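**Student:** Please model the entire structure based on the sequences and the hints provided.
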Amino acid sequence: MLPYTTLDEAAAALGRNLTVAETLWFNYSAKKSDYYLYCHNILFLFLIFSVVPLPLVFSSLWRSGGFDKYKIQPKVKLSPSETFKCYKDVMFMFFFVVGPLQLVSYPSVKMIGIRTNLPLPSGWEVFLQLLVYFMVEDFTNYWIHRFLHGKWGYEKIHKVHHEYTAPIGFAAPYAHWAEVLILGIPSFLGPAMVPGHMITFWLWIALRQIEAIETHSGYDFPWTPTKYIPFYGGADYHDYHHYVGGQSQSNFASVFTYCDFIYGTDKGYRFQKKLLWKLKKGVENGVDQNGGSYYVPTQDLKSD
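FYI, in the numbering used here the residues of the sequence shown are 281 to 584.
Calculated directly from the structure, the hints in this document are not laboratory data.
Wrong hints could be hidden among the right ones.
For each label pair, taking beta carbons as the anchor points, the in silico distance ranges come out as [what the hints assert, rightly or not]:
#: 1; residue 1: Lys436; residue 2: Gly393; range: 15 to 21 Å
#: 2; residue 1: Met281; residue 2: Lys355; range: 51 to 57 Å
#: 3; residue 1: Asn297; residue 2: Ser361; range: 34 to 40 Å
#: 4; residue 1: Phe501; residue 2: Gly393; range: 18 to 24 Å
#: 5; residue 1: Phe375; residue 2: Lys558; range: 45 to 51 Å
#: 6; residue 1: Pro510; residue 2: Ala458; range: 55 to 61 Å
Being a predicted model, the structure only gives us computed values, none of them experimental.
Cβ coordinates follow ideal geometry from the N, Cα and C atoms, glycine included.
**Tutor:** Encoded structure:
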């Protein structure tokens with residue numbers, strides 16, 4: 281809750297007039313508790329999980345919009361009932377794990393210094409903090425993901441997420457409850473290291489989930505803006521990881537690809553890209569491809 285009762289008091293405390301954004305923030309948040317503002321995350325996550333995947337899910341179900349040629353594994357098609365089951369399972373996890381976790385984690389958010397007061401952060405401050413959050417989460421998530429592909433981690437926890445070998449947007453948060461809790465740690469580390477404003481925290485949570493939905497969308501569009509982000513993985517990159525499944529020791533990255541490159545865990549993906557290039561050149565023929573972006577012959581899985 282802001283320590284001002286009027287806009288004039290806020291302006292006097294800042295020593296200047298409030299910006300338009302700060303005025304909007306004051307009018308919305310002045311009489312709301314910090315805990316209430318923090319709990320907005322629950323609403324944002326529910327809306328993101330429910331709404332963002334819908335356009336491509338509908339396109340996949342009805343093969344509409346001319347998007348089929350961009351589907352990475354076009355021969356795999358979920359029925360409406362299978363798609364709804366995925367959403368229902370994700371919502372079950374949301375209401376019984378993610379939501380309660382958000383509710384009880386507020387003391388830690390206050391402890392690290394996430395603020396709600398004025399002034400609002402500048403655009404550059406928000407951008408740089410979000411960059412740190414993405415980098416920290418990506419590096420930490422990489423190693424946790426590698427651990428989850430060990431024998432114990434995969435059999436006990438991570439295989440649930442890999443039930444979808446051709447993922448859809450709704451499957452981005454589809455996972456064992458323990459994995460949901462464990463992967464909450466990388467998401468929290470960046471804000472803990474570089475605490476910012478509650479608005480920045482909201483943006484971070486929202487953007488990270490939207491990014492996860494995109495990489496699990498099952499579509500590789502040439503016009504996607506994220507293709508212009510250096511070292512960004514994207515849907516094609518992560519879809520390969522799901523396609524190979526439990527045998528995969530490749531493409532562990534959650535957002536960027538630099539860790540896979542540095543530690544050599546993108547070799548299988550690059551090998552298959554090279555193989556596809558040869559197929560297109562007519563060096564190898566007669567292979568029935570499951571997707572437009574890669575094909576993994578059984579005998580070559582060891583190369584992964």
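**Student:** None of the hints should be skipped; say for each whether it holds.
**Tutor:** Verification of the hints:
1. Checked against the given bound of 15 to 21 Å, the beta carbons of Lys436 and Gly393, roughly 36 Å apart, lie outside it.
2. Between Met281 and Lys355 the Cβ separation comes to about 55 Å, which falls inside the hinted range of 51 to 57 Å.
3. Taken as a hint, the range 34 to 40 Å is violated for the pair Asn297 and Ser361, whose Cβ atoms sit roughly 57 Å apart.
4. About 39 Å separates the C-beta atoms of Phe501 and Gly393, a value inconsistent with the hinted range of 18 to 24 Å.
5. At about 48 Å, the beta-carbon gap between Phe375 and Lys558 stays in the expected band of 45 to 51 Å.
6. Between Pro510 and Ala458 the C-beta distance comes to about 33 Å, which lies outside the given range of 55 to 61 Å.
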